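One letter stands for each residue in the lines below.
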Amino acid sequence: MSGVRLLVGTKKGAFVLTADGTRKKWDVTGPLFTGWEIYHLNASPVDPDRLYASQTSGWFGQIIQRSDDGGETWETVGNEFVYDGVPGTHQWYDGTQHPWEFARVWHLEPSPTDPDTVYAGVEDAAMFKSTDGGQTWQELSGLRGHRTGEQWQPGAGGLCLHTILVDPNDENRIVIAISAAGAFRTDDGGETWQPINRGLRSRELPDEEREVGHCVHRIAMHPSHPETLFMQKHWHVMRSDDGGGSWQKVSGNLPSDFGFPIAVNANEPETVYVVPIKSDSEHVPPDAKLRVYRSRTGGDEWEPLTKGLPQRHVYVNVLRDAMGVDGLDPCGIYFGTTGGQVYGSADGGDTWTAIMRDLPAVLSVEAQTLP
Amino acid sequence: MIRVTLPQHLRTLAGVDGEVLLDVGEPPTQGSVLDALEAQYPVLRGTIRDYGTAKRRDFIRFFACGRDLSLDSVSEPLPEEVASGAEPFRVVGAMAGG
Chain A
1073 MSGVRLLVGT KKGAFVLTAD GTRKKWDVTG PLFTGWEIYH LNASPVDPDR LYASQTSGWF
1133 GQIIQRSDDG GETWETVGNE FVYDGVPGTH QWYDGTQHPW EFARVWHLEP SPTDPDTVYA
1193 GVEDAAMFKS TDGGQTWQEL SGLRGHRTGE QWQPGAGGLC LHTILVDPND ENRIVIAISA
1253 AGAFRTDDGG ETWQPINRGL RSRELPDEER EVGHCVHRIA MHPSHPETLF MQKHWHVMRS
1313 DDGGGSWQKV SGNLPSDFGF PIAVNANEPE TVYVVPIKSD SEHVPPDAKL RVYRSRTGGD
1373 EWEPLTKGLP QRHVYVNVLR DAMGVDGLDP CGIYFGTTGG QVYGSADGGD TWTAIMRDLP
1433 AVLSVEAQTL P
Chain B
620 MIRVTLPQHL RTLAGVDGEV LLDVGEPPTQ GSVLDALEAQ YPVLRGTIRD YGTAKRRDFI
680 RFFACGRDLS LDSVSEPLPE EVASGAEPFR VVGAMAGG
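Quick mapping for you: the protein sequence lines, in order, are chains A and B.
Throughout, my numbering is defined as the position within the first sequence, counted from one, plus 1072.
Throughout, my numbering is defined as the position within the second sequence, counted from one, plus 619.
These are computed hints drawn from the structure, not numbers from a lab.
Don't take every hint at face value.
Said to hold, decoys possible - Only some residues are given here: those of chain A computed to face chain B with a beta carbon under 8 Å: (1) Ser1129; (2) Gly1130; (3) Gln1134.
As the list claims (entries may be wrong) - Beta-carbon label-pair distances, calculated as ranges: (4) Gly637/B x Val1100/A: 25 to 33 Å; (5) Val1158/A x Val711/B: 31 to 39 Å; (6) Thr631/B x Asp1188/A: 22 to 30 Å; (7) His1297/A x Leu640/B: 57 to 65 Å; (8) Thr1145/A x Gly637/B: 22 to 30 Å; (9) Val1118/A x Gln627/B: 33 to 41 Å.
Note that the structure is a prediction, hence the values are computed from the model and not measured.
Ideal placement from N, C-alpha and C gives every residue a C-beta, glycine not left out.
Could you put the whole structure together from the sequences, leaning on the hints where they help?
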């Protein structure tokens, strides 16, 4: 029977949780890299034993860890993230120009075809690529060098590149998102990039429909339908059916369309999950109830999923990289909270159980389907 | 030999217990000690000094002989007690955060 491995990054270390295909009993390994912030762990889609982890610290900077045995052992690989050429400036919070400064790796996305190729989304926003298993990193500087780069401004969490979606049919086609610059796409493997924000409206901006400046929180894609993208923006849940060329609002009947994560069911490309949050000023669930909302219609019509989730006195958040899906049938959905719980559903979201409680604040959750 | 003490997280990364001993040319300076440290333990590159600029990271401090050397020139000779091995060169993570 196949199984599932959950890769959980927290504020104070990483945890690896494994279960068989029933997903009822979980074995826990960890904490790994204790005391460090683990922004993200991710696995190669073509080599289940190849894992990458972003280990970071305000004191000691950035470390990248790699495992070649499914997380049993780890080795440090390259951590030299140097911007290509003269870094230049971007817009600071007060509107002045500020030098680009590397802070950390937010997201690691292994190639769909080669376990040694991996992409890194970093703060201050840039995209790096390694083709030697993380030993060395080269910036795909066409992104940061885009003519709009000087207009990019950090969100409250920093100027972070947090989403990387590689088209499984054409690895030259990559969609990324930056808070608070917006979404961009390359069709030539990262040489050139175009903003893909048409249709986004952000009332926080002087020009609500400007080309860049939108605070995109997360984008999700089903691998069988790479032209269809689902976005959780600062406010608004959006959908595109042309690879980001245009977006339509699909918030529908959500109690709030503010939130961070968004995910697509592995078996149903039109089934989407979000976790509504009350507002940009109150990062807690509406009505203090932890509810995942599911749409089976690709948006607009949403239903609350509550069975097994606490419905009283809940004041946690679910961060943008803290929700993942496995590839089993029925699809497993998993998310972690800033309160240190990891919840899972083995039936597409109908029922939930707490897999872990009392972890440090969860920064990321990836679900890996094991052969 | 120059004695260097590291904060716990860097000891873990480098896989060392206790002090690190380094063979550094005369006269040892902040820069030459850190160069030797990173040469012996490449995993520490980027954790004490930034890549590119080689500047001390904001929350790292250097102490020796009861003095804060963090703001001294990286090319200034270290105190004689450090050069002789009587006192360690201490790399310290600043107290910050929670």
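Verification of the supplied hints:
no., hint, verdict
1, Ser1129, "holds, 7 Å"
2, Gly1130, "holds, 6 Å"
3, Gln1134, "holds, 7 Å"
4, Gly637/B x Val1100/A: 25 to 33 Å, "holds, 31 Å"
5, Val1158/A x Val711/B: 31 to 39 Å, "holds, 33 Å"
6, Thr631/B x Asp1188/A: 22 to 30 Å, "holds, 26 Å"
7, His1297/A x Leu640/B: 57 to 65 Å, "holds, 59 Å"
8, Thr1145/A x Gly637/B: 22 to 30 Å, "holds, 24 Å"
9, Val1118/A x Gln627/B: 33 to 41 Å, "holds, 37 Å"
This entry satisfies every hint, going by the numbered hints stated previously.
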